[in-house]
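*Asks:* Based on these hints, arrange chain C on the given structure of chain W.
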Amino acid sequence: MTVDMRPSIVLVVVIAALVTVGVYLMLERSLSRVLVGLILAGNGANLLFLVAGGAAGGAPIVGTTPIGRMSDPLPQAMVLTAIVITLGLTAFLLAMAYRSWQLNQHDEVQDDLEDRRVARRAAADQPSFTDADTEDSDANLDDEAAAVHDETDEGRPGSGRADEVTR
Amino acid sequence: MLLLLVGHLAMALAAPALVGWLGRRAFLVLALAPASAVVWALTQTAAVLHGTTFGAVPTQVIEWVPALHLELAFRLDTLSWLMLLVVGGVGALVLVYSSAYFSASAIGLGRFGATLVAFAGSMVGLVTTDNTLMLYVFWELTTVFSYLLIGHYADRKASRRGAMQAIVVTTAGGLTMLVGMILLGRAAGTFRLSELVAHPPSGPAVTVAVVLVLVGAVSKSALVPLHFWLPAAMAAPTPVSAYLHAAAMVKAGIYLIARLAPGYSTLAPWQVVVLTLGGGTFLLGGYRALRQHDLKLILAFGTVSQLGLLVLLVGLGTRAAALAGLAMLGAHAMFKAALFLVVGVVDAATGTRDLRRLSGVGRALPVTALAGVLAAASMIGLPPFAGYVAKEAALEAVAHDASGWRGDLLLVVVAAGSALTVAYGLRLLWGAFGTKRHPIPAGLAVEITRPSLLLVWPALTLAVLGLAVALVPGFGSDLLAPYANTYPGGAVGHLTVWAGVTPTLAITVAVLAVGLVLFALRERVERWQADRHVSLEADRVYRRMMRRLDDVAADVTAFTQRGSLPLYLGLILAVFVVAAGGAAIVGTSWPTSVRAWDRPAQVVFGAVTVAAAILTVRARRRLKAVILLGISGYGVAALYLLHGAPDLALTQVLAETVTLVVFVLVLRRLPPYFSDRPLAASRWVRLAVGLASGLTVAGLALVIPGARVRPPVSAGFAAEAVAYGGGTNIVNVTLVDIRAWDTLGEISVLLVAATGVASLVFLRRRTGAIFRADEATPHGRPVWGGLPDPAGALRRHGTADAPASAVPPPGPTSRPLRSAVWLRAVPTLAPHRRSVIFEVVTRLLFHTMILYSVYLLVSGHNAPGGGFAAGLVTAIALVLRYLAGGRYELGEAAPVQPRLLLGGGLVLAAGVGIVGLLAGGAPLQSEILDLHVPVVGAIHLVTSVFFDIGVYLVVVGLVLDVLRSLGAEVDRQAEAEAGPAGVAR
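If you're matching them up, the sequences are chains W and C in order. Just so we're aligned, residue 4 is where the first sequence starts under our numbering, counting upward by one. Just so we're aligned, residue 6 is where the second sequence starts under our numbering, counting upward by one.
Chain W on its own, in the form it takes in the complex:
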């Protein structure tokens, strides 16, 4: 089975255009534009799969097309799953955009404030979080030990439970 493995220029141009446009939109801040870009670039990538599989041919259905003249079915199966996954991803990102609108009245992807805060505090050599457990303390071991007492019921003045005393 010899397949014409020369690329077809029309598809290459379409792929390049879709990816360029998609990437340009993906670098935007508005989540819905990012999503549009993602779908366009995804379409480009799907076409790239087909191109990688070789030249066009007949539908890969036995009995409809002679076996030697079929287009490659493997990339098609992969792309088919990709299309449906993109649908799921689209729904998810749109739900995020909606949620973002609900919370902030816009759907722009802001810089991560937490990352910025960490960076700011790191630049100033301040701890990035406060945690009483890791702070230095001047308490010596004796003081700390005195603060820790097990939950026993004996010995607590006034709370001694006589029924437990057998002696």
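Since the hints were derived computationally from the structure, they do not count as laboratory data. It is possible that some hints are incorrect.
[Unchecked claim] FRET-style restraints, in silico, Cβ to Cβ:
1) Gly365(C) to Ala127(W): 54 to 60 Å
2) Leu180(C) to Ala127(W): 30 to 36 Å
3) Arg532(C) to Asp118(W): 27 to 33 Å
4) Val727(C) to Arg119(W): 56 to 62 Å
5) Gln129(W) to Val754(C): 37 to 43 Å
6) Asp118(W) to Val754(C): 48 to 54 Å
7) Arg119(W) to Glu542(C): 36 to 42 Å
8) Val149(C) to Arg119(W): 31 to 37 Å
[As the list claims (entries may be wrong)] In silico contact screen, one side only, chain W against chain C (beta carbon under 8 Å); selected entries:
9) Met8
10) Val13
11) Leu14
12) Thr23
13) Leu41
14) Leu51
15) Leu83
16) Ile88
17) Leu90
18) Gly91
19) Ala94
20) Leu97
21) Tyr101
22) Asp115
[Stated by the list, open to error] A short list of chain C residues far from chain W (calculated; beta carbon distances all over 12 Å):
23) Ala52
24) Val70
25) Pro206
26) His298
Model, not experiment: these values are computed from the prediction. Cβ coordinates follow ideal geometry from the N, Cα and C atoms, glycine included.
*Replies:* Frame of chain W; chain C shown alone:
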């Protein structure tokens, strides 16, 4: 031995339930687990003693992953036997003690019991396993359980800090040890401990490996400079301190050193590490113990000190020292655990452990005091206690085996450390039980209650045992000597209570005298220490290091995590352009010729696709952008069809349609225009990145087809699809059979996406209720009734100016002409949202579409179609119903929870896979059945059709979930926002 571990595991798992049922008495039941280890060890005594001498000890090996040297290998020689007795015996007594120690109403007892038993099990595994990798696993298990036990009172800062410190230090040590063990195993070609010791490899790598292993032992056994975690770990409940931090866990390091010493103790670095750290720890621990006021802290520093001595003895490498070390190991477990338990009794009886507040306790609690005195006498080394016997043997061994200045120095260290032991031992007894000369200030004095006897006898048992074993030293000698004699050098040692008047006896007398003097001068010693307070304390250094680590982590985070999505994406794309583009330019050959097109029509649809895409960028209106996106997508579908991929074209068209609807559902809530952003310079940067990416992909598209060097894997698909898949549509057979695993993974992703959508929109619950037309509230706000009705005046009911609630209430009871309604839930809509034509068309189309989707589903195996396409057609039918009749209509059309469809679909698809497995084939293998059914005729049934049905259900579930979230729920939220019924916005 495996059975012991399983027993511990079962007991640990049952512990919470047992404690819930029996209360704290359950600890008595839990004590059976470690007790079983003792009983088992005792039954094996004869075999162990005989075997250690003649090399045939009890073993058990279960292969696990032979290629990785992973095996469940256990071996019980004398050393393991001794450790097993210590671990099991003290463990059982501590559990008995716990049953009376904790208040019946104490929180978290179930968790505590489970963790303690699990710890005991890990310890049993640690001391019996013969595989270094298993040893590491058990080692880290004890670390984790120790962390949980130290942090038992998680609401207290001291507990959390102590636990964190312990786990950081010992895990760091454990990981170091793992590296060492792997190096050692590589060098020797075996991971069996017994073989590593019997035939030690040599070379610089082995020396490094041994030092790394020693680091692990040093961290676990709290040797200087990593000793600081042990005093901090005293925040643990006292039974834990008695078990983990006196008898069991800290002995793991000693065990490891004793285990490896016969093979490696002659290495120079070994001697340096063991002798300097052991000796240094022995002295420092004793010195620090003289300054503490908390009884547990005295014991903690005392333990640090004794661990130093133990390392010194078992690591020295001579037989006599090893024998003394083993004897000391047993003696220490008995007296130190007993003392911790005694301190716990004092704490429980008085409410404090501060020796400045305790006075006259000994008189009030004579039996407890007796146990304390017996145990402390053993620790101090008074004859005829076990501690004395061991210490005598130690002095004897050091005096004889080490020669020259090194020997003298060691002797001095051991003697000085012993004197410190005497001093802090007396200080402990005096502090806990003595009657102080100066009366305690009124505010600090304590009231003493009498504790339960159950609380005293475990300590007393251990203390008396310490006396009993010392009275038969020859027996102990016989028991322990077989292992000590596996050491390479030195004379055979002896254990004895009375060796006659020897130089050692003189040293012992001197040690006791110096210790007494130090005790008598205790106040001066304390003041002297306080004056020489050093700033370089190990735990401060540790904290400073952790702080520095945090700083470095923050700097690294600040550098790499800039928080800007475009920046991250830009970086990823730049790497892609440079790496993939660079490789395409450098490493491949460009095609010599190209085709302009496969079919001329490609040019037309390609142009449409590209034009729509470019216009999308320019669109400022969201809706316009989305519609252009759709056009571009349909163009791509046409390209698929022209390429010879009808399945793809069908799916793309359907998916594009659903995408368009979903977009519109969300866009109605978003502002109509994209936010206006100034024409920044960054726009050109984005364009540059886009062009670079596009050109790179174009380059790849040119290069990839020619890069093929082998025939495509799909070359044989056509024949396989018919023969094994039972279908002629190769793409579909690929999806449901040849590459079914992929598809299974994909529908799982869909399920996750659907769940994610629902979770983002349904804020309080996973899913909302199903809106049924019958349940629409009669006076509720009509669906989509938000805007004023421009044509209201023309309507029959004249509802335009009237409040929306004047709409005749929906529902079958209030609508006598229900049969005239095209769609059942349409009456819930606001009148101006209704379109009779749309209703009629929907009514006519819906069932046809469902039928068509079933056709696609069933015929997909042999013609374009299949589960994905069929699911999408059904989904579009549902979309139609929703658009025509609102959310109640959607509920009428699909009165099921999407989660049922999603879950059911996944279960069905996976279930088909299991059927293939059960039928004796591979998972997801298809079975082809050709049946003859009367009347119907021949049926060609392939089991993968059920897989396809699973796919279908998941796709329908996804879209239904999206419609119910982004459609119905968003409607409901919008109406709730707009206000109560009838109030126009």
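*Asks:* Give a verdict on every hint.
*Replies:* Hint check:
1. With their beta carbons about 57 Å apart, Gly365(C) and Ala127(W) fall inside the hinted range of 54 to 60 Å.
2. Separation of Leu180(C) from Ala127(W) is about 33 Å and conforms to the stated range, judged on CB atoms against 30 to 36 Å.
3. Checked against the hint of 27 to 33 Å, the pair Arg532(C) and Asp118(W) fails, with Cβ atoms roughly 53 Å apart.
4. Taking the beta carbon of each, Val727(C) and Arg119(W) are about 60 Å apart, inside 56 to 62 Å as hinted.
5. Distance hint for Gln129(W) and Val754(C): a CB-CB separation of about 41 Å, consistent with the stated range 37 to 43 Å.
6. For Asp118(W) and Val754(C), the Cβ-Cβ distance of about 27 Å falls outside the hinted range of 48 to 54 Å, so the restraint is violated.
7. The hint said 36 to 42 Å for the Cβ distance between Arg119(W) and Glu542(C), and at roughly 37 Å that hint holds.
8. In this structure, Val149(C) and Arg119(W) meet the distance hint of 31 to 37 Å, their C-beta atoms being roughly 36 Å apart.
9. Among the interface hints, the one on Met8(W) holds; its C-beta lies about 5 Å from the nearest C-beta in chain C, closer than the 8 Å criterion.
10. Among the interface hints, the one on Val13(W) holds; its C-beta lies about 4 Å from the nearest C-beta in chain C, closer than the 8 Å criterion.
11. Evaluation of the Leu14(W) hint against chain C yields a held restraint, the C-beta minimum of about 7 Å falling below 8 Å.
12. Interface hint status for Thr23(W): upheld, as the beta-carbon distance to the closest one in chain C is roughly 3 Å, under 8 Å.
13. A hinted interface residue such as Leu41(W) counts as satisfied when its beta carbon comes closer than 8 Å to some beta carbon of chain C; here the least separation is about 10 Å, so the hint is violated.
14. Given hint, Leu51(W) at the interface with chain C, holds; its Cβ is 5 Å from that chain's nearest Cβ, closer than 8 Å.
15. Interface hint status for Leu83(W): upheld, as the beta-carbon distance to the closest one in chain C is roughly 6 Å, under 8 Å.
16. For Ile88(W), the shortest C-beta to C-beta distance to chain C is roughly 6 Å, which falls under 8 Å, so the interface hint holds.
17. Among the interface hints, the one on Leu90(W) holds; its C-beta lies about 5 Å from the nearest C-beta in chain C, closer than the 8 Å criterion.
18. The beta carbon of Gly91(W) is positioned within 8 Å of a beta carbon in chain C (closest approach about 3 Å), and the interface hint is therefore held.
19. For Ala94(W), the shortest C-beta to C-beta distance to chain C is roughly 5 Å, which falls under 8 Å, so the interface hint holds.
20. Contact between Leu97(W) and chain C, as hinted, is supported at the beta carbon level, the nearest pair being about 4 Å apart and thus within 8 Å.
21. Checking Tyr101(W) against chain C: minimum C-beta separation of about 5 Å stays under 8 Å; hint holds.
22. Hint status for Asp115(W): holds, given a least beta-carbon distance of 3 Å to chain C, under 8 Å.
23. For Ala52(C), the requirement that its beta carbon stay farther than 12 Å from each beta carbon of chain W is met, with the minimum near 41 Å.
24. In this structure Val70(C) is separated from chain W by more than 12 Å, as the shortest Cβ-Cβ distance comes to about 34 Å.
25. Look at Pro206(C): its CB is around 42 Å from the nearest CB on chain W, clear of 12 Å, so calling it non-interface holds up.
26. At roughly 5 Å from the closest C-beta of chain W, the C-beta of His298(C) falls inside 12 Å, breaking its exclusion from the interface.
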